[in-house]
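Residue numbers (our numbering): 1 to 579.
Keep in mind that the hints were calculated from the coordinates and are not lab data.
Backbone N, C-alpha and C define an ideal beta-carbon position, used for all residues, glycine too.
Where hints are given, some of them may not hold.
Stated by the list, open to error - With beta-carbon atoms standing in for the labels, derived distance ranges:
id, residue 1, residue 2, range
1, 347, 100, 48 to 56 Å
2, 544, 259, 49 to 57 Å
3, 510, 438, 25 to 33 Å
4, 318, 189, 50 to 58 Å
5, 276, 465, 14 to 22 Å
6, 568, 438, 33 to 41 Å
7, 304, 251, 29 to 37 Å
Claimed, not checked - As a list, the in silico DSS-like pairs of lysine-lysine whose alpha-carbon atoms are at most 27 Å apart:
id, residue 1, residue 2
8, 529, 516
9, 445, 338
10, 177, 238
11, 551, 529
12, 363, 529
13, 363, 445
14, 338, 363
15, 238, 125
16, 363, 238
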Amino acid sequence: MTLITQQIDNLTTEIMRLNYMAQEVSHMLQEQSNLLRIRNMSLPVSVLEDTQGFSEAVKLLSEQLASEQVELAQLRALAHTGGLINSSLDLDTVLRRAMDTVIGLTGAVHGYVMLLDQNTGETEKVISVNLEAGSTDEAELMISRTIVDEVMRTRQPILTTDVQDDERFQLTDSVLKYDLRSILCVPIIYRDQLSGVVYADNRIREGLFGESELNLLVAFANQAAIAIQNARLFERVKARLEEVTAIRQFLDSIFASIASAVITTDAHGNIRTCSPVAEQILGVMATECIGQPVTQVLPALYEGFENVLIEVQQQGHQEIIEVNTVLAHRGPTSLSLKLSPLRGEQNETQGVAIVLDDLTAIKERDETINVIRTYLPPAMVRNIQSIDSLGLSGEEREITVIFADVRGFTTFSEQLAPEELMQIINQYLSAGSSAIQLLEGIIDKYMGDAIVGLYNTQLNPQVDDHALRAVRAAMALVSDVQALHEVLPPEQRLFYGIGIHTGTAIVGNVGSPSRKEFTALGYAVTFAKKLQEIAQPGEVIISEETYQAVKDHVVAQSTERRLRGDNTPVMVYQLTDIR
Numbered sequence: 001m002t003l004i005t006q007q008i009d010n011l012t013t014e015i016m017r018l019n020y021m022a023q024e025v026s027h028m029l030q031e032q033s034n035l036l037r038i039r040n041m042s043l044p045v046s047v048l049e050d051t052q053g054f055s056e057a058v059k060l061l062s063e064q065l066a067s068e069q070v071e072l073a074q075l076r077a078l079a080h081t082g083g084l085i086n087s088s089l090d091l092d093t094v095l096r097r098a099m100d101t102v103i104g105l106t107g108a109v110h111g112y113v114m115l116l117d118q119n120t121g122e123t124e125k126v127i128s129v130n131l132e133a134g135s136t137d138e139a140e141l142m143i144s145r146t147i148v149d150e151v152m153r154t155r156q157p158i159l160t161t162d163v164q165d166d167e168r169f170q171l172t173d174s175v176l177k178y179d180l181r182s183i184l185c186v187p188i189i190y191r192d193q194l195s196g197v198v199y200a201d202n203r204i205r206e207g208l209f210g211e212s213e214l215n216l217l218v219a220f221a222n223q224a225a226i227a228i229q230n231a232r233l234f235e236r237v238k239a240r241l242e243e244v245t246a247i248r249q250f251l252d253s254i255f256a257s258i259a260s261a262v263i264t265t266d267a268h269g270n271i272r273t274c275s276p277v278a279e280q281i282l283g284v285m286a287t288e289c290i291g292q293p294v295t296q297v298l299p300a301l302y303e304g305f306e307n308v309l310i311e312v313q314q315q316g317h318q319e320i321i322e323v324n325t326v327l328a329h330r331g332p333t334s335l336s337l338k339l340s341p342l343r344g345e346q347n348e349t350q351g352v353a354i355v356l357d358d359l360t361a362i363k364e365r366d367e368t369i370n371v372i373r374t375y376l377p378p379a380m381v382r383n384i385q386s387i388d389s390l391g392l393s394g395e396e397r398e399i400t401v402i403f404a405d406v407r408g409f410t411t412f413s414e415q416l417a418p419e420e421l422m423q424i425i426n427q428y429l430s431a432g433s434s435a436i437q438l439l440e441g442i443i444d445k446y447m448g449d450a451i452v453g454l455y456n457t458q459l460n461p462q463v464d465d466h467a468l469r470a471v472r473a474a475m476a477l478v479s480d481v482q483a484l485h486e487v488l489p490p491e492q493r494l495f496y497g498i499g500i501h502t503g504t505a506i507v508g509n510v511g512s513p514s515r516k517e518f519t520a521l522g523y524a525v526t527f528a529k530k531l532q533e534i535a536q537p538g539e540v541i542i543s544e545e546t547y548q549a550v551k552d553h554v555v556a557q558s559t560e561r562r563l564r565g566d567n568t569p570v571m572v573y574q575l576t577d578i579r
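All chains, full assembly: derive it from the sequences and hints.
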């Protein structure tokens, strides 16, 4: 462009010099002609005519050069505009830049770009510029609707230098209403599809637009069509991206609210999604997992896991597996895995969905329940709602302890074979267990031929009547032993000595991590054992504390007795009946 500009500038200077010389020659010839006329002489006519012709030729050349300069300026502006409108992917920005260009290239006062909806064919968006108003005005389309409709119908540009003298449009309502004059309107076409029109007018001057402006606007419309299409495509992609982002956020919120962990893979076994619960359970990061092979990212769950993945994907059936594994960040873990094929629209397998449930807490609960079953009757176990809330780690509380020992069993056992001995003692221990559990007590332990029962622990809270339950269990045991004697031979008839005390103890699990027992520790247990030791066969001895708690419900005789290893007598009560 620099070389062409320089050449045009040089040519302009030369034409101006020629024009000046022509004027000088013409002036000199005119003066010479005047002198000759005084002497009744004259110049040849051809000389004056040639001079006049030369001047007119120079003038015409000057006008043509001016026209070429205008066209060159327009082409420069068009080239600049092409880069300008293609420098943005925002549709409104593209259209506004396009309108500024239309006004600048044509010298119009009003300009409009109207886009059509590609689905309905209706006008979708209008950007207008009104230089008379000094601003963009989209409130009213002051255009020749007839001309616009004709351009849309024929897809051909229309140029009218004075629409009021144009027989095609002079009587239309919009021409009369808006006093329109010069009008240019060209279609915007992209790949043989009409996208809209560009419209420019001037309501003051007729003859403003010519073929040059028309060709320029057609070229501009072709450029604008590409820019508009790119902007529309960008808007569609942007809208699609926003839609996909919204769906992704929605899925993420669903994943976050699902208690189960969810991992999905593609057809090549690479992870596509990893829910927050999966991150937590498996100790992995989703950002590090996506796109990686599932067998490399996930911990080694078990040896055949990879084969199961392949089988589910190839054969298209579901697999449910329970796995006991050890995870580095949490230790022993129990998992339930449900592997299902992911299918596409054509029912083809596109990957695998893995749903994991952490069963560790459930397994631990079941193990705790199994331990509790050794202490409680089944009905009480079923009533426990939350093992975590039982406080089995250790708690100080008031309990009632029943300590029952089979009298004379040591001497008795020396006379029997082991198998027969076990059969007999189990009958007495079963009677003791049944009596204690009948009143919802728990079996603390068996100590050879002795049995210890507890009331009002965390497992069987009985705040108001635990002492009464214990004495009723003791009397039931006495009665059950009498009933057992009726079916046993005289030499196998043994009796319980029973001691009961109410007091404070530490109650909870004791033992090692591999083996724990639920028990009670403290003076309450020790004193109940001491009372049992002084009880005669078939006798129930209760402490002062227990008697005060049940005195309105029992028949008992007070007595002073010395405990084993202590010469100081203590007040105890011999229980004889229940009221």
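Check each numbered hint from earlier against the structure, then list the numbers of those it violates in ascending order.
-> 5, 9, 10, 12 and 16
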